[in-house]
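Undergrad: Residue-level listing of the chains:
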Amino acid sequence: MTFTLAFRNLFHDRVRLTVTLVGILFSIVLVAIQLGLYLGARSMIISMIDRAHGDLWVMAYGTKNFEEAQPINARDRYAALSTPGVADAVPIIASFTDWRKPTGGSTLVVVIGTDNEDGGLAPWNVVAGDVTGLGARDAVIIDKTYLDELGVKNIGDTAEVGASRVRVSGLTDGIRSFTVTPYVFTTISRARTLIDMPADKITYALVRLQPGADIESVRSAIQARVPDGEVLTTAEFRTRSLNHWLFATGAGVALIGGAILGLLVGTVIVAQTLYSSTKDHLNEFATLRALGSSSGYIHRVILTQAALSAVLGYALGMSIAMVVVYLSEHTALPIMMTPGLAALLLALTVGMCAISALSAIGKVMRIDPAMVFNR
Amino acid sequence: MIAETASLAADARLSLSGEEHANIVLEAQHITKELGRGAGKVRALKGVSLSLRAGELTLLMGPSGSGKTTLLSILGCILTPSEGTLSVAGHSTAGLTPEQLANLRREHIGFIFQSYNLFPTLTAEENVRVALDVRGKRGSEAVVAAQRALHRVGLRHKLKSYPANMSGGEQQRVAVARALAGSPSVMLADEPTAALDSENGLAVMQLLSEIAKDKSRAVLAVTHDPRTVPFANRVLRIEDGVIVGEERRTEGVETIHELARNRKRKANA
Numbered sequence: 001m002t003f004t005l006a007f008r009n010l011f012h013d014r015v016r017l018t019v020t021l022v023g024i025l026f027s028i029v030l031v032a033i034q035l036g037l038y039l040g041a042r043s044m045i046i047s048m049i050d051r052a053h054g055d056l057w058v059m060a061y062g063t064k065n066f067e068e069a070q071p072i073n074a075r076d077r078y079a080a081l082s083t084p085g086v087a088d089a090v091p092i093i094a095s096f097t098d099w100r101k102p103t104g105g106s107t108l109v110v111v112i113g114t115d116n117e118d119g120g121l122a123p124w125n126v127v128a129g130d131v132t133g134l135g136a137r138d139a140v141i142i143d144k145t146y147l148d149e150l151g152v153k154n155i156g157d158t159a160e161v162g163a164s165r166v167r168v169s170g171l172t173d174g175i176r177s178f179t180v181t182p183y184v185f186t187t188i189s190r191a192r193t194l195i196d197m198p199a200d201k202i203t204y205a206l207v208r209l210q211p212g213a214d215i216e217s218v219r220s221a222i223q224a225r226v227p228d229g230e231v232l233t234t235a236e237f238r239t240r241s242l243n244h245w246l247f248a249t250g251a252g253v254a255l256i257g258g259a260i261l262g263l264l265v266g267t268v269i270v271a272q273t274l275y276s277s278t279k280d281h282l283n284e285f286a287t288l289r290a291l292g293s294s295s296g297y298i299h300r301v302i303l304t305q306a307a308l309s310a311v312l313g314y315a316l317g318m319s320i321a322m323v324v325v326y327l328s329e330h331t332a333l334p335i336m337m338t339p340g341l342a343a344l345l346l347a348l349t350v351g352m353c354a355i356s357a358l359s360a361i362g363k364v365m366r367i368d369p370a371m372v373f374n375r
Numbered sequence: 001m002i003a004e005t006a007s008l009a010a011d012a013r014l015s016l017s018g019e020e021h022a023n024i025v026l027e028a029q030h031i032t033k034e035l036g037r038g039a040g041k042v043r044a045l046k047g048v049s050l051s052l053r054a055g056e057l058t059l060l061m062g063p064s065g066s067g068k069t070t071l072l073s074i075l076g077c078i079l080t081p082s083e084g085t086l087s088v089a090g091h092s093t094a095g096l097t098p099e100q101l102a103n104l105r106r107e108h109i110g111f112i113f114q115s116y117n118l119f120p121t122l123t124a125e126e127n128v129r130v131a132l133d134v135r136g137k138r139g140s141e142a143v144v145a146a147q148r149a150l151h152r153v154g155l156r157h158k159l160k161s162y163p164a165n166m167s168g169g170e171q172q173r174v175a176v177a178r179a180l181a182g183s184p185s186v187m188l189a190d191e192p193t194a195a196l197d198s199e200n201g202l203a204v205m206q207l208l209s210e211i212a213k214d215k216s217r218a219v220l221a222v223t224h225d226p227r228t229v230p231f232a233n234r235v236l237r238i239e240d241g242v243i244v245g246e247e248r249r250t251e252g253v254e255t256i257h258e259l260a261r262n263r264k265r266k267a268n269a
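Chains as they are written, first to last, in the working numbering: chain A, 1 to 375; chain B, 1 to 269.
Among the clues, some could well be false.
To be verified - Dumping the calculated EDC-like pairs for lysine to aspartate or glutamate here, alpha-carbon to alpha-carbon at most 20 Å:
| hint | chain 1 | residue 1 | chain 2 | residue 2 |
| --- | --- | --- | --- | --- |
| 1 | B | K215 | B | E27 |
| 2 | A | K201 | A | D115 |
| 3 | A | K201 | A | E68 |
| 4 | B | K41 | A | D368 |
| 5 | A | K363 | B | E99 |
| 6 | A | K144 | A | E329 |
Simulated from the structure, these hints should not be mistaken for lab results. Here the structure is a predicted model, which means the values were calculated and not measured.
All chains, please: the whole structure from these sequences, using the hints.
TA: Here is the structure:
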């Protein structure tokens, strides 16, 4: 009967129920978008690092993230290659430069130079053309999300980067940058030309270890050979990039703050409506108390009301959030929804409603059952 | 018809035989209750003693502000007395916590309220089932018990009706069924006929007097309605927080049909 009582109390006043559900829905959508953006941002920040096949990164000292790295000397790569335990050290170039659109105007891009045969870092999710096509003259691969921004429409279109012409030889789907600066994949040598980098410079040396090699020992050994550079494991580079973009710039704090704000707003709305619903049914709770119901019984009725609100609000909120996620899928700022985030949102909703129920429970616990005689 | 004891003694447990003592299901001794604080403190009850015996319908009558409802709240373990002792079905209430008092109410006391206090969102059957659910009776056992209680009060045809679709008399009968379903030792009714018209009021009193015939149950109704007196075995009068008299009916309780017949006879005479 606790369920029936809770259900009927909840559905008895449709207007209040609607207000409650809108409150939860608003909260869920806001939190889903904020946390989805956070996950999307996180994924974009570390996508290059995670997709690179390597164990250690040799880079300029103090590099904060993948895109904003100073060049290092190419001999640092050879120093790494000569270190015991190293199987390979792949050169990678990454640098900001201007892309001049064929239709006029320019935009900032990140040129990534990497040779496919090195197996270090290659474009993925290629939906048109082929990675091997980068070997062709002037070839670059870009993501289809940025076609409009780059002023091109399809494979074969041309533009200018630096003083050189480039031709789109392939398109990827979903390789987006947190800085909203399109990535332009090309070969090492072409990248040097495009960004005017000397032949004795690279941005990263991506180190692969020999099987069984101890990563810490190798890292120390390389670091000793490259005193002016910095050697990070993939996990460290990932953490450093995340810390820089999400926390040092405040972007992540804003997203997490927005999510917390959403939770607070939702909690206040649900608490207010549950409290006023309980207040309206106070005489019924007093009757229950007079009939001899335990405190636990009444708590169950209120908590069931809260749980029903949570489940309904979650279902509606997630439906809308999923539509927003779908609509953002092909934008420069995709919102991610993972099973883990969906489960977290459900737990947050239930927790939010349970906390909201506390004020109503407090009110009921202060009931004087003698009020049943005073109506 | 009614033998007036003419006693103004505060103690309403007068001259009980051994058998009557054995039938006592509720006993209150020297109950006092102070309400309010400081200068506004009021002594609502001033040493009330009474006992309720199984198989009897007792009326507690008195003017407004005489302490009827306060006494009913204390007898129903809803309020605790400032002084005095109370025992329900052999259990003393002294020192019990609110939760333990709730347990005692659940196990031994049934309430009927002036305004019925039904749950408006539940059907008649569900209203009765709530009282059973509180007692841990669930499932088909509760459904059967609820339906049986509603049959007993003549509401077989209203099982699925909501309070809003029932007359006041029907709602009060649902409340009686709700109180009855838990098989309490004591049934306490607060002005059960006050919100009802004459016909429905008498029908409810008839029901309560029938329920009181059960030798395992005592019924106490607080009322100021003199029409209810013919249904009672005993009438206690309270004034200014003191029991001022006990009237015991000696010629048997009238049924609603007898009452109608007697009224007609008087009218013809």
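Undergrad: Okay, which hints does this one fail, numbers in order?
TA: none
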